[in-house]
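Asks: Sequence:
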Amino acid sequence: MKNKKTILSASVLFFLGTTYAFGQEKEKDSIKTNNVEEVVVLGSRAGARSKTDSPVPVDVFNIKETSVVLPQSSIGQILNAVAPSFTSTIQTNSDGTDHLDPAQLRGLGPDQVLVLVNGKRRHTSALVNVNGTPGRGTVGTDLNSIPSFALNRIEVLRDGASAQYGSDAIAGVINLELKKDIGKLTGQVSYGGNLTPTANDHTGNFDGQNIQVDLNYGNKIGNKGGFYNITWSSQFRNPTFRAGAESGTIYNAYNAIEKRALNDGVNLSSLFSNINNVPNPQQLINYIHQYAQGVSYFSPQFQNQIQSANTIGVLQGLLKGDVTDQELAYRGLDRKDFNMQVGQSKLNNHQLFANIEVPINDNWKVYTFGGYSFRHGSSGGFYRKPNQSRTFTGLYSDGYLPQIGTDIQDLSLSAGIKGNWDGWNVDLSNTFGQNSFNYNISNTGNTSLRFASPDEFNAGGLRFFQNTINLDFSKKYDVWNGINVAFGAEHRYENFKITPGDEASYTTYDAAGNVWNNTSPRGTDFFGNTLPGGSQVFSGFKPVNAVDKNRQAVAAYADVEFNFTNWLLVDAAARYENYSDFGSTFNYKLASRIKVTPDFNIRLAGSTGFRAPSIHQIYYNVTSTLFVTSPQFPVGRLLDVGTFSNDSEIAGLLEMPKLKQETSKSASVGFTYRIPSASLTFTADGYFTRINNRIILTDQFLRSDVPAAAQAAFDAQEVNGAQFFTNAIDTETKGIDLVISHNVRFSGLKLDNSFAANISETRKVGDIHSAGLLQSPNLEKIYFSEKSRVYLEEAVPRVKASLSHTLTWKNASFYLRNTYFGKVTGADIIDVNGDGVVGFNEHQQIGHKIITDLSLAYQFTKNVGLTLGVNNLFDIYPDKNLTASTNNDQFIYSRSTSQFGQNGRYVFTRLNFNF
10 MKNKKTILSA
20 SVLFFLGTTY
30 AFGQEKEKDS
40 IKTNNVEEVV
50 VLGSRAGARS
60 KTDSPVPVDV
70 FNIKETSVVL
80 PQSSIGQILN
90 AVAPSFTSTI
100 QTNSDGTDHL
110 DPAQLRGLGP
120 DQVLVLVNGK
130 RRHTSALVNV
140 NGTPGRGTVG
150 TDLNSIPSFA
160 LNRIEVLRDG
170 ASAQYGSDAI
180 AGVINLELKK
190 DIGKLTGQVS
200 YGGNLTPTAN
210 DHTGNFDGQN
220 IQVDLNYGNK
230 IGNKGGFYNI
240 TWSSQFRNPT
250 FRAGAESGTI
260 YNAYNAIEKR
270 ALNDGVNLSS
280 LFSNINNVPN
290 PQQLINYIHQ
300 YAQGVSYFSP
310 QFQNQIQSAN
320 TIGVLQGLLK
330 GDVTDQELAY
340 RGLDRKDFNM
350 QVGQSKLNNH
360 QLFANIEVPI
370 NDNWKVYTFG
380 GYSFRHGSSG
390 GFYRKPNQSR
400 TFTGLYSDGY
410 LPQIGTDIQD
420 LSLSAGIKGN
430 WDGWNVDLSN
440 TFGQNSFNYN
450 ISNTGNTSLR
460 FASPDEFNAG
470 GLRFFQNTIN
480 LDFSKKYDVW
490 NGINVAFGAE
500 HRYENFKITP
510 GDEASYTTYD
520 AAGNVWNNTS
530 PRGTDFFGNT
540 LPGGSQVFSG
550 FKPVNAVDKN
560 RQAVAAYADV
570 EFNFTNWLLV
580 DAAARYENYS
590 DFGSTFNYKL
600 ASRIKVTPDF
610 NIRLAGSTGF
620 RAPSIHQIYY
630 NVTSTLFVTS
640 PQFPVGRLLD
650 VGTFSNDSEI
660 AGLLEMPKLK
670 QETSKSASVG
680 FTYRIPSASL
690 TFTADGYFTR
700 INNRIILTDQ
710 FLRSDVPAAA
720 QAAFDAQEVN
730 GAQFFTNAID
740 TETKGIDLVI
750 SHNVRFSGLK
760 LDNSFAANIS
770 ETRKVGDIHS
780 AGLLQSPNLE
790 KIYFSEKSRV
800 YLEEAVPRVK
810 ASLSHTLTWK
820 NASFYLRNTY
830 FGKVTGADII
840 DVNGDGVVGF
850 NEHQQIGHKI
860 ITDLSLAYQF
870 TKNVGLTLGV
880 NNLFDIYPDK
890 NLTASTNNDQ
900 FIYSRSTSQF
910 GQNGRYVFTR
920 LNFNF
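When the letters of the sequence shown are read in order and numbered with my numbering, they come out as residues 10 to 924.
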């Protein structure tokens, strides 16, 4: 801790000291300041302007230059490190979300930030985040499908922009600008891993090894400025392991006897399929008597009780007891052998991206860009222990750790023509994108199939397709200090598809191995517990879940920018959109920049915005079939539980309203200030966003909890529990962004300093919009649960700041960054203060931390360089979970927050080359 504070203090003093010194020495000949400002195109259709002259806040990150020294390599992790208003961390034990990190801007949802590539709308992921992570219920953009090595820079517009760019741009817009380099081959070969005492389930050493190869090549096409630029990237990432030692019960006495029988070639599970209807009960009893004598740690008294038991019922009562420690010793196993895989998932990622532009003549050019990526991920679920009924010990005497495999394919292609026609800049384009998730569940089983169960299942998949046609016009007029007029139209087609899995991945079978029909006897374990159906850890999509739905949207916009004088700029934009599935929306924006002095600007903006419900949220559904016994069904019955689509019959019977657009009102005010003599730039922006009718995913409404009228609807559809997407809440977000940048050049040295901070707060305001037959004060905690509130308001840091320095001298570059992550709140409701009472909103607070990154790059020749670096130099971890949240010491750190992850120190080396 002392070293960490020393590094941070030195970093601050270095920043302030160099700023002061170079401001004082401005007249010396040896000092050369860099007054060339970065320009931005995002947020305005009038062309490029400097960041400080923009009427709205835009960050620019030069990825091409900084990729040499940055410890992070994926777009999401790079932005999480360098952009305080952006949050994204690797998730764990969250099914498909393990392989697609939800990304948020200004604390709003992953689906409330629009992503562009070369200024064109990027399609979203096929995955719906339905697990317990920040962004639950949302559909974001898969930033991991785009290689960061293909990027020239990233622009982040931190302001509502729906009136300019359409749906999703409530929090802002991220534009990924592709490289245009020609005439050389550049590449990186990186190797790294987590060197930390907590590696390998807290036994130490090294895990999470990561190998990445990036290649980029570009060349000219013709002699009029045409080019092509192609990037290939391959990543091979091993998992990390951060579980403690499993502290719960693992084996019961029956498991011990069963193991002794197996060692002698007798499988007790083969003697019955339903313990209530054993063909030869005496044979089973005799075997238990015989092999119980082989369990040496059973006491004489316990052995006598077993030998005296002459019925299966009596034996069931005797053999439930826990014998975990003794049985582990007998089998030569350790509690860690039953750990979950907690940490980052295993990932193989291959990406190909291209950017091509060819002039036709002096006025027109054609262009195309896009890529293909294939990502295979594998993550662990919850361990299936031998003393659990979901584990068929006839095949798995020690249980098993099921694996969720995902094959993620992403395809995109944009093509267009742009040029000048009678003074108008014209751009006609078509952008296609498709993302698919296919689930393959391995090292698992359908327990109800017993011995006939496969150990691998195709569980089905999701696919999202989007095609966007844009036609844009813009023209500058020499009126006042310039007027820019822009207008255009857009047509977007979307398709969402759910493909069912193998029959065995979702079906429950009876004791005879046939599909259970609600009346035939079910298979059971020795203690009479029914054996669950479907593939363990992730039940497949059923044919009834299959959908293939389309929708279309058309839009028209106008954007006029007035430069009334050299000190007053006003930008006005309006946009109309109509969706085939929910109707139309009209939005506007007004922004202004007032130049008080040549170096001091005031900027302000106000806008309305919207986010159309994603087609996934309208039609996504996944259900499981469970055996339920209740007063209504005293002998038990198969009932559905799960997520039902907004257009489902059960939603209609419950009078759930159709999804509609989220609407927003945003306002921001800020200033920019430059001190050219010291190469200092300050920007500060305060913002406020009100979102009405925000779409959330409810918790499960169980039949027993709902009013009588709703119970009738549940019974009519044979449903026991249901959750829905619905426009249920209103929220307000307010905050401030601060950015200070400084650079200087002197005597061969180049120094860049940057400080950036974001302080934000999101709150639910007003009443919950419950509706239909579920409209009841008692059900509001299910509509929007306390856990959901934490995911929305407190699971992401409200304060985040970074202070970075890059020092370059001759062939060497030194990079230092300290990032402050504010406190977050765990979603679990537990007894935090230890008073024996669990309050309805009692949660663990996870404290703030500072993460230090350090790297050194050296260019040995003009063609070859080497980088050595460390992410999280001081091996900082989040606060440990309280015992109640650890799931038997498996989750040492929270898995329901988005701070900086739980992998610890990452060391890496990177070979850089160009030819």
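The set of hints was computed from the structure by calculation and includes no laboratory data. Predicted, not measured: the structure shown is a model, and the values here were computed from it. Keep in mind that a hint or two might mislead.
Capping the alpha-carbon separation at 30 Å, the derived lysine-lysine pairs in DSBU-like fashion look like this [what the hints assert, rightly or not]:
| no. | residue 1 | residue 2 |
| --- | --- | --- |
| 1 | LYS193 | LYS484 |
| 2 | LYS858 | LYS743 |
| 3 | LYS73 | LYS129 |
| 4 | LYS60 | LYS667 |
| 5 | LYS759 | LYS193 |
| 6 | LYS484 | LYS558 |
| 7 | LYS189 | LYS759 |
| 8 | LYS669 | LYS60 |
| 9 | LYS832 | LYS871 |
Ranges of calculated distance between the beta carbons of each label pair, as one might list FRET restraints [unchecked claim]:
| no. | residue 1 | residue 2 | range |
| --- | --- | --- | --- |
| 10 | LEU361 | ALA338 | 50 to 56 Å |
| 11 | ASP840 | GLY522 | 42 to 48 Å |
| 12 | TYR867 | GLY213 | 55 to 61 Å |
| 13 | GLY432 | LYS759 | 24 to 30 Å |
| 14 | GLY213 | LEU342 | 46 to 52 Å |
| 15 | GLN720 | ASN319 | 55 to 61 Å |
| 16 | GLN709 | PHE245 | 36 to 42 Å |
| 17 | ASN820 | THR606 | 28 to 34 Å |
| 18 | HIS857 | GLN709 | 52 to 58 Å |
| 19 | ILE603 | ASN372 | 32 to 38 Å |
| 20 | THR258 | ASP724 | 50 to 56 Å |
| 21 | SER305 | PHE849 | 31 to 37 Å |
Every residue, glycine too, gets a C-beta built ideally from N, C-alpha and C.
Asks: For SER305 and PHE849, compare the CB-CB distance with the range 31 to 37 Å and indicate the outcome.
Replies: violated, 49 Å
Asks: Has the given pair, LYS669 with LYS60, been kept, meaning a C-alpha gap of at most 30 Å?
Replies: Distance of about 36 Å is beyond 30 Å: violated.
Asks: Between the beta carbons of TYR867 and GLY213, is the distance compatible with 55 to 61 Å?
Replies: For TYR867 and GLY213 the Cβ distance comes to about 30 Å; the hint is violated.
Asks: Is the hinted pair LYS858 and LYS743 satisfied, with a Cα-Cα distance of at most 30 Å?
Replies: holds, 23 Å
Asks: Hint says 32 to 38 Å; check whether the CB-CB distance for ILE603 and ASN372 agrees.
Replies: holds, 36 Å
Asks: Mind checking the alpha carbons of LYS193 and LYS484 for me, to see if they're no more than 30 Å apart?
Replies: violated, 36 Å
Asks: Can you let me know if the beta-carbon spacing of GLY432 and LYS759 is within 24 to 30 Å?
Replies: Taking Cβ atoms as reference, GLY432 and LYS759 lie about 42 Å apart, which means the hint is violated.
Asks: Taking 52 to 58 Å as the stated bounds, is the beta-carbon spacing between HIS857 and GLN709 within them?
Replies: Given a distance of about 34 Å, which is not inside 52 to 58 Å, the answer is violated.
Asks: Is it true that the CA of LYS832 sits at most 30 Å from the CA of LYS871?
Replies: violated, 45 Å
Asks: Does the Cβ distance between THR258 and ASP724 fall inside 50 to 56 Å?
Replies: Violated, at about 37 Å.
Asks: Does LYS60 pair with LYS667 here, judged by a C-alpha cut-off of 30 Å?
Replies: At roughly 42 Å apart (the allowed maximum being 30 Å), LYS667 and LYS60 break the hint.
Asks: State, for the Cβ atoms of GLY213 and LEU342, whether the hinted interval 46 to 52 Å holds or is violated.
Replies: violated, 21 Å
Comparing the model with each earlier hint shows violations of hints 1, 4, 6, 8, 9, 12, 13, 14, 15, 17, 18, 20, 21; every other hint is respected.
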